[in-house]
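Trainee: Going letter by letter, the sequence shown gives residues 10 to 634 in this note's numbering.
Note that these hints are calculated values from the structure, not bench results. Please note that the accuracy of each hint is not assured.
[Unchecked claim] Estimated spans, in silico, between C-beta atoms of each pair:
(1) Q198 - E339: 30 to 36 angstroms
(2) I258 - I536: 18 to 24 angstroms
(3) I616 - A220: 56 to 62 angstroms
(4) N280 - P147: 38 to 44 angstroms
Glycine is no exception: its CB is placed at the ideal position from the N, C-alpha and C atoms.
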Amino acid sequence: MREDQKNLFIAMGLSLLVIIGWNFFYGVPEAQRQRQSQQQTQLPPQTTPPQASQPAPSTTAPGVVAPQGAIPGAPAPTLAPTTPSPAPVPVFGLTREQALQGAPRVRIDTPSLSGSINLRGGRIDDVRLTQFRETLQPGSATISLLNPAGSPSPYFVESGFVAQPGSNVVAPRPDTLWTADRQTLTADQPVTLTWDNGQGLIFRRIVSVDASYMFTIRNVVENTTDQPVTLFPYALTSRVGKPRTEGYIVLHEGFVGVVGDSRVQEYTYDNVEKEPKQTRLFKGTGGWVGITDKYWATAVIPEQNVAFEARFAAMGPPTARTYQSDFLEEGRTVAPGASIEATHRIFSGAKETLIIDGYQANLQIKNFDLMIDWGWFYFITKPLFWLIHYIYQFVGNFGVAILVVTVLIKLVFFPLASRSYVSMAKMKAVQPEMKALQERYVDDKQQLQKELMELYKREKINPIAGCLPIVVQIPVFFALYKVIFITIEMRHAPFFGWIQDLSGPDPTNLFNLFGLLPFNPTLIPVIGPFLWVGVWPILMGISMFVQMKMNPEPTDPIQKALFAWMPVIFTFMLGAFPAGLVIYWTWNNVLSLAQQYYIMRKQGVKIELWGNLAGLFRKKSATQS
Numbered sequence: 010m011r012e013d014q015k016n017l018f019i020a021m022g023l024s025l026l027v028i029i030g031w032n033f034f035y036g037v038p039e040a041q042r043q044r045q046s047q048q049q050t051q052l053p054p055q056t057t058p059p060q061a062s063q064p065a066p067s068t069t070a071p072g073v074v075a076p077q078g079a080i081p082g083a084p085a086p087t088l089a090p091t092t093p094s095p096a097p098v099p100v101f102g103l104t105r106e107q108a109l110q111g112a113p114r115v116r117i118d119t120p121s122l123s124g125s126i127n128l129r130g131g132r133i134d135d136v137r138l139t140q141f142r143e144t145l146q147p148g149s150a151t152i153s154l155l156n157p158a159g160s161p162s163p164y165f166v167e168s169g170f171v172a173q174p175g176s177n178v179v180a181p182r183p184d185t186l187w188t189a190d191r192q193t194l195t196a197d198q199p200v201t202l203t204w205d206n207g208q209g210l211i212f213r214r215i216v217s218v219d220a221s222y223m224f225t226i227r228n229v230v231e232n233t234t235d236q237p238v239t240l241f242p243y244a245l246t247s248r249v250g251k252p253r254t255e256g257y258i259v260l261h262e263g264f265v266g267v268v269g270d271s272r273v274q275e276y277t278y279d280n281v282e283k284e285p286k287q288t289r290l291f292k293g294t295g296g297w298v299g300i301t302d303k304y305w306a307t308a309v310i311p312e313q314n315v316a317f318e319a320r321f322a323a324m325g326p327p328t329a330r331t332y333q334s335d336f337l338e339e340g341r342t343v344a345p346g347a348s349i350e351a352t353h354r355i356f357s358g359a360k361e362t363l364i365i366d367g368y369q370a371n372l373q374i375k376n377f378d379l380m381i382d383w384g385w386f387y388f389i390t391k392p393l394f395w396l397i398h399y400i401y402q403f404v405g406n407f408g409v410a411i412l413v414v415t416v417l418i419k420l421v422f423f424p425l426a427s428r429s430y431v432s433m434a435k436m437k438a439v440q441p442e443m444k445a446l447q448e449r450y451v452d453d454k455q456q457l458q459k460e461l462m463e464l465y466k467r468e469k470i471n472p473i474a475g476c477l478p479i480v481v482q483i484p485v486f487f488a489l490y491k492v493i494f495i496t497i498e499m500r501h502a503p504f505f506g507w508i509q510d511l512s513g514p515d516p517t518n519l520f521n522l523f524g525l526l527p528f529n530p531t532l533i534p535v536i537g538p539f540l541w542v543g544v545w546p547i548l549m550g551i552s553m554f555v556q557m558k559m560n561p562e563p564t565d566p567i568q569k570a571l572f573a574w575m576p577v578i579f580t581f582m583l584g585a586f587p588a589g590l591v592i593y594w595t596w597n598n599v600l601s602l603a604q605q606y607y608i609m610r611k612q613g614v615k616i617e618l619w620g621n622l623a624g625l626f627r628k629k630s631a632t633q634s
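Turn these sequences into a full structure, and let the hints guide you.
Mentor: What follows is the structure in structure tokens.
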């Protein structure tokens with residue numbers, strides 16, 4: 010192997026180490042969930058201009074003032090109107106169950122969701138995902154996505170109308186008590202919420218939901234007065250308190266949306282806090298905005314032919330920060346004796362690829378599939394997921410599907426890899442001539458390079474061909490990492506034996522003798538994160554070590570030491586990575602080893618593997634003697 014070729018391998022290996030090391034050591038924030046010091050309920054918004062103690066950020070047309078109701082301390086508005094914002098007061102010691110008992114509710118009962126709609130405010134603030142559980146333990150609780158005000162982690166969605174600022178029209182508020190025409194919302198039976206403002210306006214929210222995670226809300230206002238009234242449709246998703254995030258640079262968590270013809274907008278909670286007035290505004294026609302976690306999300310979706318202004322905002326003091334993603338449409342005037350209607354959709358559920366893509370196709374929601382963070386290699390990542398998913402339908406195991414896909418990837422790249430290994434074999438065959446040239450032109454580097462190039466040309470050797478398979482497969486590697494790490498389909502997906510979750514690390518550990526000692530080494534302060542070394546990471550390190558021994562050892566002592574330690578470093582680095590990725594890498598190494606062995610034998614080149622391995626024992630024996 011040429012010196013510059015070795016240097017390229019080293020540079021690529023170090024680059025990969027830097028990426029993995031940064032992600033592992035600096036990308037993970039504190040794991041402990043931040044909890045609010047004060048729990049909060051809602052105060053009703055007003056239609057008069059906000060005072061200094063009750064400001065609200067703005068989102069739309071100039072010349073009108075936002076209704077009150079924002080958290081104290083939020084920036085004062087310059088434009089308006091705005092979607093209602095929480096205006097909490099402290100509530101201490103309430104559990105989620107206690108908070109749910111504080112208001113009358115309509116039950117939600119579908120194949121995918123359970124929970125309720127709060128008739129006090131007409132919000133959807135109680136949603137559980139019945140198909141997903143928090144852990145693999147039997148009897149583990151189902152995932153609680155939305156939670157009411159007063160609970161430890163308030164998180165809710167709503168849709169409706171706000172009044173024309175400056176008018177005396179009373180619109181629904183967070184404390185408005187709605188009446189319902191039935192007690193349960195199902196996938197077959199919608200619920201109609203009704204409220205009379207006492208001024209001749211009758212508000213209705215007709216709420217329906219499908220069998221998955223999409224709510225549809227038809228907001229209807231009937232004007233029985235003799236005067237026209239202007240109202241502004243809005244929808245929002247809001248959560249109080251910064252949630253715990255995974256913290257990986259390859260995963261976006263926080264605000265997300267597509268507004269108009271813009272690309273996907275992704276802002277972390279901290280990013281929005283750094284924006285002027287802690288607000289980021291967008292304008293466009295069609296799209297959606299929301300808040301995303303790793304596997305779950307909420308989003309509010311206007312009609313796709315309607316212009317709107319969207320907002321990502323952080324409001325309130327750090328001890329009780331509210332993060333809100335919302336949109337406000339242009340004002341609509343309802344004539345006397347007439348009615349107006351605004352239809353919004355609300356997504357609240359798991360980011361299942363098939364379902365998300367179905368909503369994009371069937372409901373024509375602009376770029377809704379980008380709610381899943383497919384990353385820069387979208388054109389590789391998503392097709393790779395669909396290939397794995399397609400094979401899974403036949404083999405019934407995502408781990409096996411990953412192994413099959415690895416074989417297919419190897420077949421696709423076989424011509425390139427074959428040329429690479431042939432070139433490496435030829436390079437090895439001319440090593441004596443190269444060595445002779447290096448000795449002859451030891452003091453003339455320019456002539457040496459000229460003679461080497463003539464040698465390559467004469468023997469039809471491409472000196473960089475050995476690097477091409479690695480360069481080409483790096484995007485595939487990261488795309489597969491992305492698929493395993495972000496897709497909910499991989500969450501809690503078993504392989505065989507002790508691997509019951511391909512998206513999590515190998516649960517075995519060398520440092521407690523694979524479970525014989527009753528403690529978890531990864532919980533040791535300071536050094537614990539370095540001690541994720543299970544069976545599969547060890548197998549991966551061994552396969553990487555054997556693969557390196559297939560080639561002649563570098564003559565440079567620094568390079569030799571680096572190549573010797575690289576499998577060990579990667580074993581520790583990848584120990585905490587998803588088991589599915591480590592299994593892929595191990596299997597890929599084994600296939601590469603077999604492929605290289607076959608091609609080198611076919612080219613009549615000596616296999617260095619056995620000699621290099623025997624050399625280790627000879628050196629050990631010589632040292633001992």
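Trainee: State for each hint whether it applies.
Mentor: Do the hints match the structure? See the list:
no., hint, verdict
1, Q198 - E339: 30 to 36 angstroms, "holds, 33 angstroms"
2, I258 - I536: 18 to 24 angstroms, "holds, 23 angstroms"
3, I616 - A220: 56 to 62 angstroms, "holds, 58 angstroms"
4, N280 - P147: 38 to 44 angstroms, "holds, 40 angstroms"
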